[in-house]
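Protein chains: 2
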Amino acid sequence: MKIMVQKYGGTSVAGLERMRKVLSRVKKGIDEGYKMIVVLSAMSGETNKLIGLAKEFTATPDPEEMDALVANGENVSIALFSMLAKSEGIKAKSLQAWQIPISTTDAYMKARIISIDDKRLKVMLEENDVLVVAGFQGVDCKGRVTTLGRGGSDTTGVALAAAIKADVCEIYTDVDGVFTTDPRVCSAARKLDLISYDEMLELASSGSKVLQIRSVEFAKKFNVPVRVRSTFTDDPGTLVTQEDAMMEDLVISGIAFDRDQCRVTVYKVKDKPGVAAAIFGSIAEKRILVDMIIQNTSHDGYTDMTFTVSKGDLEQTMAILDGVQKDIGAESVQYDTNVAKVSVVGVGMRNHSGVASTMFKALHDENINIKLIATSEIKITCLIDEKYVELAVRALHTAFGLDKGQQAAC
Amino acid sequence: MKIMVQKYGGTSVAGLERMRKVLSRVKKGIDEGYKMIVVLSAMSGETNKLIGLAKEFTATPDPEEMDALVANGENVSIALFSMLAKSEGIKAKSLQAWQIPISTTDAYMKARIISIDDKRLKVMLEENDVLVVAGFQGVDCKGRVTTLGRGGSDTTGVALAAAIKADVCEIYTDVDGVFTTDPRVCSAARKLDLISYDEMLELASSGSKVLQIRSVEFAKKFNVPVRVRSTFTDDPGTLVTQEDAMMEDLVISGIAFDRDQCRVTVYKVKDKPGVAAAIFGSIAEKRILVDMIIQNTSHDGYTDMTFTVSKGDLEQTMAILDGVQKDIGAESVQYDTNVAKVSVVGVGMRNHSGVASTMFKALHDENINIKLIATSEIKITCLIDEKYVELAVRALHTAFGLDKGQQAAC
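Chains as they are written, first to last, in the numbering used here: chain A, 843 to 1252; chain B, 843 to 1252.
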């Protein structure tokens, strides 16, 4: 049994005409001899409409009921698509997460997939041409509906492909694939034919929203090659795959950026064991994601601790630090919301020196001040003034030879 | 554990303000020491919106996927109401049918409840103040979502009350209770304080839409006293209960009518065994509900067979008869769509003669011709020209002494 998994996002299923386009793609897969698993998002706007309703009802919606609410958007998509397919003689069946089941943790609004019953899926695949699965949702051990967080349908798609050992996994979206950077910011951006899981992870975590980061983690863990492509064109898209399969030899694959960041600094904390744990332990308890963390060498036994959080988490973070500050005897806590991250990402930087200096020089040439620097094995990130973010992206894109028609520099 | 079941219809949950009103009623129940089970419909308009979407997608939506689609309206209501309740400190939990489960047959779009897991319900009731249950839906033995047909939320409410042996079962709607007839047609109509299950059944099957007929069958079968009342007033409503508990001693409790009827006549069929079975067997196979069936005495070994079906089923019925006509050697099949049913209903008619003649005289006095007559133990129904239906209802309402302030006649 040849199996293809396809995931379609909200813009791809918004209305009858678009669903017809999706159906014609699905039919092509059937004609090629594949059993199809099609993962659908809610029609674009529907999830936000449900969230809006909830916020109208209460300022602090209960997360468990929030998930029971927002999962309905996907339920509508899969039922409509299945009846459309059946009306054309295709054997289709809609599946909500509990009907498979896709088992998750009970961390409502950001649940993680624990297991997928692939045996039942295979039986149903044998009886049908296409299984139409609700993306974004799961069911926990108490039988409550969960959701996987924004973009969670990508993870549903990749996890299904991993569970059932699909031959092909395609993520359909409204862009042609993964770009060297956001084309809306840098017109010279170009589409990549190939990108490694690690690069994709770094790009996703630095603000590129083509794929949900957890879907990439899943793809890497289970070695599922994922093709990201557009519902609306015939472009083959970008293949996200293992590094050793990479054909291109770029030092840097892309420039990512993220405006949704705040810098928080805890000033003059004692440089002794347990201080970092005290600060970040309390924050982690509230499930706030901390990104860049920088601690410089200490002076006279004191140091400053700086990190970034997303803007939505700032208020809660400051409230937590207000309590922690006294415990650890810090002098003060300050924050800055007018900041943005820019990152250069590429597996090639492992074997090439000079990436950091090229990056710093390109920013300096544009008179952009660097507020924080953090590095990983395949990424360098700088925190800069938010107002310079587009300028920085374009400068780095050119500096690393990513512009269309340009030869790779560095 | 004192248990109260309340069901609220679509107009009662349409928007935040109305749900607040529902919540205040639910709170009252909690304050009185009840554990609450609240059954909600979809917000008014939502189910029709989903059906409209489906019809846009295909002229003949697959019933299984149709149910998977339309059940989402209720899912939205229960999640929103639960988060509203929780935001006010009430322990609430939303429950879709599969989460209880409410097991039904797999007759999609008109499924019947087979069983309800009352043990799990009781455990959940112990842990919560209120369980918020999606009306209208069920789950079949294959784990597919089903729905119970229009008005199915009433049946959900009564079935839950029966399963868990609730102390109180209230059906909230947008009218004050059960009326002697439709107040929009007859301004003299008055609310009944009490009505028997059998009378309610006859009223419902004759077009009164206050309660879904199956909910009344359920209530009768399991002897659940059901109070029908308005969400928007403090009127105590109408208690639907066993006949022996009846306080009022009306001969006739109400006048029902139904415009959604067609008369079909199969002319000159041989009066021999098997003919009726041939006609109605084929129609029943297609699950078409046949109402009045009249066969008069035969002449020369031939008779005419007349019955009524709802207007939506006429086309299919005629197609079936086209085939059957030759088999049974009937002369012709004709139909009439300009007809309506009017019925007088009352347990009192068992012990009172003259009900039929009072009815026929009242219609005759208004010059209304009677096309068909059918009787049950507690109901007499006449088929008349559709254009006379309001006139007939008012005339009968007066003739049987049902007008406000009037003394019972006959």
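FYI, nobody ran anything at the bench for these hints, they're computed from the structure.
Treat the numbers as computed from the prediction; the structure is a model and nothing was measured.
It cannot be assumed that every hint is accurate.
Same chains, same label: a pair holds when it works inside one copy or across any pair of copies.
As the list claims (entries may be wrong) - List of simulated lysine-lysine pairs, BS3-like, C-alpha gap at most 25 Å: (1) Lys1128 x Lys844; (2) Lys984 x Lys961; (3) Lys897 x Lys863; (4) Lys844 x Lys863; (5) Lys897 x Lys869; (6) Lys933 x Lys1128; (7) Lys984 x Lys933; (8) Lys1168 x Lys1033; (9) Lys870 x Lys1007; (10) Lys952 x Lys1153; (11) Lys1213 x Lys961; (12) Lys964 x Lys1128; (13) Lys1110 x Lys897; (14) Lys1153 x Lys1128; (15) Lys933 x Lys952; (16) Lys897 x Lys933; (17) Lys952 x Lys869; (18) Lys844 x Lys1033; (19) Lys1114 x Lys984; (20) Lys933 x Lys1110; (21) Lys964 x Lys933; (22) Lys891 x Lys961.
We went through each hint and held it up to the structure:
{"no.": "1", "hint": "Lys1128 x Lys844", "result": "neither (44 Å within a copy, 39 Å between copies)"}
{"no.": "2", "hint": "Lys984 x Lys961", "result": "both (21 Å within a copy, 16 Å between copies)"}
{"no.": "3", "hint": "Lys897 x Lys863", "result": "between (34 Å within a copy, 18 Å between copies)"}
{"no.": "4", "hint": "Lys844 x Lys863", "result": "within (22 Å within a copy, 55 Å between copies)"}
{"no.": "5", "hint": "Lys897 x Lys869", "result": "between (40 Å within a copy, 22 Å between copies)"}
{"no.": "6", "hint": "Lys933 x Lys1128", "result": "between (45 Å within a copy, 23 Å between copies)"}
{"no.": "7", "hint": "Lys984 x Lys933", "result": "between (32 Å within a copy, 17 Å between copies)"}
{"no.": "8", "hint": "Lys1168 x Lys1033", "result": "neither (50 Å within a copy, 69 Å between copies)"}
{"no.": "9", "hint": "Lys870 x Lys1007", "result": "within (20 Å within a copy, 54 Å between copies)"}
{"no.": "10", "hint": "Lys952 x Lys1153", "result": "within (18 Å within a copy, 50 Å between copies)"}
{"no.": "11", "hint": "Lys1213 x Lys961", "result": "neither (52 Å within a copy, 61 Å between copies)"}
{"no.": "12", "hint": "Lys964 x Lys1128", "result": "neither (39 Å within a copy, 33 Å between copies)"}
{"no.": "13", "hint": "Lys1110 x Lys897", "result": "neither (40 Å within a copy, 66 Å between copies)"}
{"no.": "14", "hint": "Lys1153 x Lys1128", "result": "within (15 Å within a copy, 60 Å between copies)"}
{"no.": "15", "hint": "Lys933 x Lys952", "result": "between (33 Å within a copy, 23 Å between copies)"}
{"no.": "16", "hint": "Lys897 x Lys933", "result": "between (39 Å within a copy, 19 Å between copies)"}
{"no.": "17", "hint": "Lys952 x Lys869", "result": "neither (33 Å within a copy, 32 Å between copies)"}
{"no.": "18", "hint": "Lys844 x Lys1033", "result": "neither (29 Å within a copy, 65 Å between copies)"}
{"no.": "19", "hint": "Lys1114 x Lys984", "result": "neither (43 Å within a copy, 61 Å between copies)"}
{"no.": "20", "hint": "Lys933 x Lys1110", "result": "neither (66 Å within a copy, 45 Å between copies)"}
{"no.": "21", "hint": "Lys964 x Lys933", "result": "within (15 Å within a copy, 40 Å between copies)"}
{"no.": "22", "hint": "Lys891 x Lys961", "result": "neither (35 Å within a copy, 36 Å between copies)"}
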